[in-house]
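We have chain A already, so just place chain B on it with the hints.
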Amino acid sequence: MTTLTPDAHAAAPTAGAGRTGRPARPVRLRRAYSVDRPRRSITLTVLTAIVLVYSLIPLVWLLINASKTQADLFSSFGLWFGDDFALGSNIVDTLTYDDGIFVRWLGNTLLYVVVGAGGATALAVLGGYGLAKFQFPGKKAVFATVIGAVAVPGTALAVPTFLMFSQMGLTNTPWAVIIPSLISPFGLYLMWTFAAEAIPTELMEAARVDGASEARTFAQISLPLLAPGIVTVLLFTMVATWNNYFLPLIMLKDPDWYPLTLGLNAWNAQAATAGGQAIFNLVITGAVLTILPLVVAFLFLQRYWQSGLAAGSVKE
Amino acid sequence: METCTEVAHGDVNIASDTRECSVTQAVAPPAISVPVRRVRARSWSGWAFVGPFMAVFALVFLAPIVYSIYLSLFRKQLVGGNSFVGIENYQRALEDAQFWSALGRVAVFLVVQVPIMLGIALLVALAIDSGRLYGRNFFRISIFLPYAVPAVVASLMWGFMYGTRFGLVGNINDAFGVSIPNPLSPDLVLAAIGNIVTWEFVGYNMLIFYSALRVIPTSLYEAAQIDGAGQWRVIRAIKLPAIRGALVIATIFSIIGSFQLFNEPSILQNLAPNAITTYFTPNLYAYSLSFSGQQYNYSATIAIIMGVITMIVAYVVQLRGMRKEA
Numbered sequence: 293m294t295t296l297t298p299d300a301h302a303a304a305p306t307a308g309a310g311r312t313g314r315p316a317r318p319v320r321l322r323r324a325y326s327v328d329r330p331r332r333s334i335t336l337t338v339l340t341a342i343v344l345v346y347s348l349i350p351l352v353w354l355l356i357n358a359s360k361t362q363a364d365l366f367s368s369f370g371l372w373f374g375d376d377f378a379l380g381s382n383i384v385d386t387l388t389y390d391d392g393i394f395v396r397w398l399g400n401t402l403l404y405v406v407v408g409a410g411g412a413t414a415l416a417v418l419g420g421y422g423l424a425k426f427q428f429p430g431k432k433a434v435f436a437t438v439i440g441a442v443a444v445p446g447t448a449l450a451v452p453t454f455l456m457f458s459q460m461g462l463t464n465t466p467w468a469v470i471i472p473s474l475i476s477p478f479g480l481y482l483m484w485t486f487a488a489e490a491i492p493t494e495l496m497e498a499a500r501v502d503g504a505s506e507a508r509t510f511a512q513i514s515l516p517l518l519a520p521g522i523v524t525v526l527l528f529t530m531v532a533t534w535n536n537y538f539l540p541l542i543m544l545k546d547p548d549w550y551p552l553t554l555g556l557n558a559w560n561a562q563a564a565t566a567g568g569q570a571i572f573n574l575v576i577t578g579a580v581l582t583i584l585p586l587v588v589a590f591l592f593l594q595r596y597w598q599s600g601l602a603a604g605s606v607k608e
Numbered sequence: 031m032e033t034c035t036e037v038a039h040g041d042v043n044i045a046s047d048t049r050e051c052s053v054t055q056a057v058a059p060p061a062i063s064v065p066v067r068r069v070r071a072r073s074w075s076g077w078a079f080v081g082p083f084m085a086v087f088a089l090v091f092l093a094p095i096v097y098s099i100y101l102s103l104f105r106k107q108l109v110g111g112n113s114f115v116g117i118e119n120y121q122r123a124l125e126d127a128q129f130w131s132a133l134g135r136v137a138v139f140l141v142v143q144v145p146i147m148l149g150i151a152l153l154v155a156l157a158i159d160s161g162r163l164y165g166r167n168f169f170r171i172s173i174f175l176p177y178a179v180p181a182v183v184a185s186l187m188w189g190f191m192y193g194t195r196f197g198l199v200g201n202i203n204d205a206f207g208v209s210i211p212n213p214l215s216p217d218l219v220l221a222a223i224g225n226i227v228t229w230e231f232v233g234y235n236m237l238i239f240y241s242a243l244r245v246i247p248t249s250l251y252e253a254a255q256i257d258g259a260g261q262w263r264v265i266r267a268i269k270l271p272a273i274r275g276a277l278v279i280a281t282i283f284s285i286i287g288s289f290q291l292f293n294e295p296s297i298l299q300n301l302a303p304n305a306i307t308t309y310f311t312p313n314l315y316a317y318s319l320s321f322s323g324q325q326y327n328y329s330a331t332i333a334i335i336m337g338v339i340t341m342i343v344a345y346v347v348q349l350r351g352m353r354k355e356a
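Going line by line, the protein sequences match chains A and B. Count along the first sequence from 1, add 292, and you get the number used in the working numbering. Count along the second sequence from 1, add 30, and you get the number used in the working numbering.
The shape of chain A in the complex, shown without the other chains (with noise of 0.2 Å):
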């Protein structure tokens, strides 16, 4: 690196700013733009901000419209607020509607995402570090088994497994949601190719020399290692047990049990119904209130999330 810098940055312009690039600016220029730093772009940035826009229309209508009561929503234009801003009656009405139904299924998500997405994550964490760190009778199998298995359609599933847990006694509870959740093969995956990467295995080594035992090497050289990496895969787990809908569908009868997607969705079909009452602007709150944690926790997330990219790319 350190040698090929004079040649490196001769060369940025070409290269890092493509067919524009003015070799003969003078040098304080050319290493303004090297290969980490190019030029900015204002035609890539806007062409980019297309897809910017696509994925943040919706979520700006949602917003909006959970300000609007039942009756703007219907008078009132899509993407601006209607006559009455209502954003705080719609959310005390979401919370309140139904002897506050929406919050028990919102403790319900929480204890689905905490339990199953949790254990999703421990399960895969030790799973891939076993896959990605040591060699064992039936390994091959393990792998072929796993990736076999993924491809078989997980909700066209979902009826055998329903009229198991029928016959353990275990549909219409929490752990009908809960145990299905415990499995995320691309949790797994994810977690095999992070601790194949990210842990030396002379550490390792360094550390089974020195006495430490399986468990305790892992726990105190491994697992901090994996940090960033254990991070992502909660994320993953964490949004599909959070956005789960099929699995609680079939499973659950009792509206007690349902967590925040099934209960909204059970709120949309109730105007469907006939004499249902029309809640639409509770679903939209309902919606809004149904993201937000999520949101939250993703971007919460990303600093941690970002470091463990930004460790990822520092290998040379």
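Since the hints were derived computationally from the structure, they do not count as laboratory data. Check each hint, because a few of them may be wrong.
Unchecked claim - Derived, one-sided and incomplete: chain B residues facing chain A with beta-carbon distance under 7 Å:
| no. | residue |
| --- | --- |
| 1 | Trp74 |
| 2 | Trp77 |
| 3 | Val208 |
| 4 | Asn300 |
What the hints assert, rightly or not - Beyond 12 Å from chain A on every Cβ pair, some chain B residues (computed):
| no. | residue |
| --- | --- |
| 5 | Pro145 |
| 6 | Arg162 |
| 7 | Ala181 |
Even glycine gets a Cβ: it sits at the ideal position worked out from N, Cα and C.
Coordinates of chain B only, in the frame set by chain A:
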């Protein structure tokens, strides 16, 4: 020495293992003195870590698969309970026009939606990775954000926006005096669902590609610069080959997702009951069969057929992806 052969022999990532092996040799000679007994003991200790995952995996993945194969070979009769019917359920599925129409629908969805979604995701990942955007962290976070939105909320939200009553489509029609066709009409509903799924997963796939791009050593770009390679050439010759693994994985996950399509059509059913039939996708069909029709055996058969088809398609994609790599 034993550790070396132990680590190196026969595994998926031989390349990295052998590299680790040589490093171990060079850096940590004490490893040689590790007694043989200890090495052999360690060879089983991997199970201590993989075991818990595999135990739960067996319960929630393998057992249902076995059970549904069992179910698919039987038929419940009003008189006499379960009777073994062999492949009769499978024969019935092959002649089932509703099943074929559902399969055809997700096949169209797969062929059209997945390339569009992955293409956009790849372009955005390359744009962000190029470092040439203003505010690239904002781009990365914002475009990923829809992934955090539950399918239920995404479907309800888009469903409302599609609406001609109080949705954006209705607004636009009123404001400009045009008549955009109703996205929730039978002709357009598949495209409408494709849009929802694209919206949900563009950022997710973008992030998979972006993470793969980040670990490409900068020295490769520097070398390319010295050779006078332009941006497109760097993308074609360095970036795309380097993230081939991520591309294959994302494609396989998207294929599986398409074949499993359920949430979005199921939720939109309330808003568009005429456009979305009970056999709109194979999964929806399997669901309706068992939970409205109580036809558990036939439903399990549909699930297995879909599983086999998904596995074959995913396997072919994986083979093709890997062959190009060689």
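Now for the hints, and whether the structure bears them out:
| no. | hint | result |
| --- | --- | --- |
| 1 | Trp74 | 6 Å, holds |
| 2 | Trp77 | 6 Å, holds |
| 3 | Val208 | 15 Å, violated |
| 4 | Asn300 | 5 Å, holds |
| 5 | Pro145 | 16 Å, holds |
| 6 | Arg162 | 4 Å, violated |
| 7 | Ala181 | 6 Å, violated |
This entry does not satisfy hints 3, 6, 7, going by the numbered hints stated previously.
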